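Novice: Now for the letters of each chain:
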Amino acid sequence: MWSFSHIANEMHEWLSKTFNPTLTLIIEMVIAGVAVIGLFAGLGLVLVIMERKVSAWMQIRLGPNRVGPKGMLQSLADTVKLLVKEGLTPDGADKFLFNLAPFIAMIVAMLLMAPIAFARDFQLWDMNIGVLYVSAVSSIMVISILIAGWSSNNKYSLMGAMRSGAQIVSYELSAGLSVLAIVVLTGSLQVSDIIQSQKDGWWIFKGHIPVIIAFVTFIIAVTAETNRAPFDLAEAESELTAGFHTEYSGMKFALFFLAEYVNVFIVCAIGATLFLGGWMPFHIGNWTDFNHVMDYIPSSIWFFGKTFFLIFVIMWFRWTFPRLRIDQLLNLEWKYLLPISMINLVVVTAMAILKWHF
Amino acid sequence: MSKEINHKEPSSIPPSGGWGGYIKDVYRGVKSLLVGMKRTMYYFTHHKEIITQQYPDNRETLDLPDRFKGEVVMPHDEKNEHRCTGCQACELACPNGTIKVITQSVILADGRKKKAIDKLVYHLELCTMCNLCIVACPSDAIVMAQTFEHSVFDRNELTKILNNPGSKIMEGVE
Amino acid sequence: MLNEELKTKITELLPAATFEEGGDPIAIGWLTIQVEPGDWLSLAQKLRNDNSLLFDYLFCLTCIDWKTHLTMVYHLSSTRYRHNMVVKSKLDRNKPEIESVSAIWRTADFHEREVYEMFGVNFLNHPDLRLLILPDGWEGKNPLRKDFEDAVNMIKL
Amino acid sequence: MYRQTEIINDASQNPSLGGSGETGDLIINVGPQHPATHGVLHLVITLNGETIKKVEPHLGFIHRSIEKMCESLSYRQFIYVTSRMDYLSSHINNHACALCVEKGLQVEIPPRAQVIRVLMDELTRIASHELWWGAMAMDLGAFTPFFHAFRERESINDIMEETCGARLTMNYIVPGGVMQDLHPNFQNKVKAFMQLYKRKIHEYDELVTGNIIFQNRMKNIGYLSPEDAISYGCSGPTARGSGVSCDIRKIYPYEIYDKLEFDEVLETAGDSFARYMIRIREMQQSIRIIEQLIDNIPEGDFQAKTKAVLKLPKGDFYSRVETARGELGVYIVSEGGTTPYRIKFRSPGFSNLSVLDHIARGSKLGDLVAMMGTLDLVIPDIDR
Amino acid sequence: MGASSLIVLIIAAVAFSGIAILISTFVLKASTNKQKGEPYECGIPTHGKTWIQLNVGYYLFALIFLIFDVELVFLYPWAVVAKSMGWVALIEIVIFFFILFMGFLYAHKKGALKWM
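Sequence order for the protein chains is A, B, C, D and E.
Our numbering puts the first sequence at residues 93 to 450.
Our numbering puts the second sequence at residues 17 to 190.
Our numbering puts the third sequence at residues 5 to 161.
Our numbering puts the fourth sequence at residues 661 to 1044.
Our numbering puts the fifth sequence at residues 1223 to 1338.
By construction, these hints were calculated from the structure, which means they are not laboratory data.
All values reported here derive from a predicted model rather than from experimental measurement.
Possibly wrong hints are sitting among the right ones.
Stated by the list, open to error - Derived DSS-like pairs: lysine-lysine, alpha-carbon spacing no greater than 30 Å straight-line:
hint, chain 1, residue 1, chain 2, residue 2
1, B, Lys129, B, Lys116
2, A, Lys447, A, Lys298
3, D, Lys974, C, Lys11
4, D, Lys910, C, Lys71
5, B, Lys40, E, Lys1331
6, B, Lys131, B, Lys184
7, D, Lys971, C, Lys150
8, B, Lys47, A, Lys427
9, C, Lys150, C, Lys50
10, B, Lys116, C, Lys150
Said to hold, decoys possible - Label pairs and their in silico Cβ distance ranges:
hint, chain 1, residue 1, chain 2, residue 2, range
11, E, Val1236, A, Gln288, 48 to 58 Å
12, D, Leu828, E, Ile1232, 47 to 57 Å
13, D, Glu921, C, Lys13, 30 to 40 Å
C-beta atoms are modelled at their ideal positions from N, C-alpha and C, and glycine is treated no differently.
All chains should be modelled from the sequences, with the hints used to inform the complete structure.
Specialist: Shown next as structure tokens:
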């Protein structure tokens, strides 16, 4: 059957036959790098046009409709525009850090790609601490925002950076706790194990209400962690004009922009993996016929479908809700989400021990 | 320096008190959010509600009401005649000095001298479309046109002479 | 309170006040009084605090340049009794000075700053008498005075 | 009596402030090029952390000296200028000026003209509040309501365009009546608009009013006591949110407002949410007024006979009307000539803005945006 | 691909960003003027220094976060084995959370979670 893993294996075999092992490794690395860059850029283009269309339809508008068929090439045109714009560095800025920040943002976003299973057996590195790795690496994102905001020598940026510092670190807790709920249920940190455990049903279905609560907490927390509205305090357009990237322009701004969207993709992919079964098709208990039909849909389509559904939900939030104020944002985390997810984790543990899940 | 800031408590939902209130708050909050999401989802799926006008594409069907105040024009009939007597009422009525009436005296066929307009200069760039000149005109010589795409590259082009070259005043208009 | 009653009441409070007849005769028929700048602050306090007057709403504060003198105009209203009154005060055009009433009606703060820059009236004891509308460092005449001419920006019709 | 607010010196005069590092006060300019100021308002904000210590408005970016300008225009001409003051309720501005001139001329306005004026006033009020609603939600970060508000506002603008010939600065009112008669389609279109409005009004609650985040952002924020509201000269929804009855249409009725049935909307909470609710409910009252009038427009002239050149008698004239933002006063001092000797526009925004510093102190930066939204500031109205 | 993929990813990220920025510097024709380098503050020259000691309440959150995050890291190994350990794990975590919660309540009572 045609699949990503099949292609990868074929290629690996052919390369091993043709070249010596070192060269094979290097060629594979180059191919992987190019593929990731392509995925990265492609995701940026797709997510931007998706966001614009979603927002337009929710706002009874048409959205971009000039470039390409139904405006689908709009984000490509925007990229070209950003490419020829001047990336200005303000005079008063800390130039080194100012230019470093977008790189950090990009590296973090890129590193998070490693443990994601895009399709059946198609993963860059199926590390045994996959979930821990994700939550560890995603913490670095805040550093790039802090650097960007601080080094800009702009008061709006500084405020935005400070806000996002408090915000991201706070929400990491409940995101981590809700991830732990799944880890408790599966007993493994490895992404492939977690997906395998959902062979006969996704966790969101077989985990009863506690897992649904964990899922909702997770979605809220990652929305906050990626600085998306209604938690976009770091940008807070109507208060801080553009928040931490006020001074960024041209390609440097575009990198932040891209990193933000890729981060949204990644957290949604993690959410899809943990709660919705990743690339695992939709299976119901022992309805073998039904499960077979589901198996015919390629695993990558399952994965991207689930991920994009979650991305849509996050966009849906953005175009519906007003923004929270900074103290309310932290109240929500410390007074509502954190206690709820702590209690929820205990309940999930009890459930796992009692084997109440399917 | 002393800073006596009249600090107000940051607002949160007035707590209903106790654990029941806590859960009630969460329930009410989530419900209100879901109601809003339902509304946006309705519009997301109902594309018929879209109200965007695709302006440059719908130029042909664009229907401006006949009272729309676009710019001042002076209608001429097929004999290249207009109704302006050069009385300067419009010039006086205009708050901005948009209209300048330049008159000349012409000698009529019977030898009498008569005042008539040489040029009626109209500065579109100064005009605020207030309609006062149209109201002031005793002989209905000028009207508002329904044009609205006025942008040009050189602002001198906005200074217009409303009467056609070689035009005359219509018979019977005093 | 009717104008007649107001009149007697104000004569009680400030015998020196003169009443202007015919000012705004047709309109709402507001009582108009003339006071000396020196009497204004004490009268204002009484107008604001007297229980039968209670002029607590200063809804308009402006100045008129009469070329020979300036006239401050205060439009007062009472939110309880719904009566209105106009107080005018003549100022010397070369050295216009009057007591600030911003401690009595807070709205006078901004309005007095506006009059200060537009007419050059100096409000004594105003907490923060600075330019509000005109750009910082504005020097020269006061725009709303009759002899003001802006050579650069004024369009002559 | 009002609560005394301490006067904090400007940082430029006090070198100990302004980022010397000791006090930790950050001085931030908000505006003139800022998404939340909706125009060219410039606020200098002294922040301590996220807490506002002081807000100082710097005005004048769009000051055109309309008062001076009007001194050289005739009584017919100056009305059009006032459309550019509070451009969102331009019709009501024109109305105020016309009323003041009519007072001086002592002309009787035909009943048809009065009804047309009131109808247009109320439509303008709804349009203004619609825009405010959308912009207010946008200030709080919800972008979608803005477009929904414009759907309704557009249909009002279409009505205006058809009858008055312009969408925003209508200049429809002349001393003595209105410039043109109503368009034949007017009644049908207004009815269609009212149907649309009633069909969509519940969406406002769903999207914004009932939203928990929105309520949290608005409630108990920017408290303005009734005494302060009066002392600061607030008017319109800003004062009525504090429970101060100040609707000129009720207290000093002009035109036919005394014959109409409508309520003066009052809320007593005095916070941002109260001011928000006032405007939402005011729109419904306007709809109510329009409903009463739309089928009962009397026949007759739409304009009283006036002389070609208007001359006001010597004296001063004052008219007060209720715009969408509050009380607009037009004060004309006449010397008996064809042009006013002095005109003063008592704009509602100017007084309402002065309260911003008072209510914003001690709250968060994000609240400032919400408060500015509820004050409904229109910058040309403030600067004039 | 294993751990080497991380190196690939870092190189890819740096290469991608670097190339993009390089292209944009080559393509554009930059104009220079003095105002360009000023910090953006709504068009008004900025007032005082930006890098001052801010009075922010954020750092308290950072401190509390630090405590909680360290606990969270401890939870990961626990979570992996929780299911196989059975009831002991549950009792452990309840005690653990109880202590943590007490600390949290203490911080709350002290007003550390109140925004400054």
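Novice: All hints are to be evaluated individually against the structure, with a verdict given for each.
Specialist: Do the hints match the structure? See the list:
Distance check on the hinted pair: Lys129 (chain B) and Lys116 (chain B) sit about 22 Å apart at the alpha-carbon level, within 30 Å; holds. About 11 Å separates the Cα atoms of Lys447 (chain A) and Lys298 (chain A), which keeps this hinted pair within 30 Å; it holds. The straight-line distance between the Cα atoms of Lys974 (chain D) and Lys11 (chain C) is roughly 23 Å, inside the 30 Å bound, and the hint therefore holds. A C-alpha spacing of about 39 Å is found between Lys910 (chain D) and Lys71 (chain C), which places the hinted pair above 30 Å, so the restraint is violated.
With a C-alpha separation of about 23 Å, the suggested pairing of Lys40 (chain B) with Lys1331 (chain E) holds against the 30 Å cut-off. At most 30 Å may separate the alpha-carbon atoms for a hinted pair to count; Lys131 (chain B) and Lys184 (chain B) meet this at roughly 12 Å. A C-alpha spacing of about 20 Å is found between Lys971 (chain D) and Lys150 (chain C), which places the hinted pair at or below 30 Å, so the restraint holds. Taking the CA atoms of Lys47 (chain B) and Lys427 (chain A), the gap is about 19 Å. The hint holds against a cut of 30 Å.
For the suggested pair Lys150 (chain C) and Lys50 (chain C), the alpha carbons sit about 33 Å apart, so the restraint of at most 30 Å is broken. Taking the CA atoms of Lys116 (chain B) and Lys150 (chain C), the gap is near 28 Å; set against the 30 Å cutoff, the hint holds. About 34 Å separates the C-beta atoms of Val1236 (chain E) and Gln288 (chain A), a value inconsistent with the hinted range of 48 to 58 Å. Distance hint check for Leu828 (chain D) and Ile1232 (chain E): the Cβ-Cβ separation is about 55 Å, which falls inside the suggested range of 47 to 57 Å.
Taking 30 to 40 Å as the suggested C-beta distance range, the pair Glu921 (chain D) and Lys13 (chain C) conforms, at roughly 36 Å.
Checked against the numbered hints above, the structure violates hints 4, 9 and 11; every other hint is satisfied.
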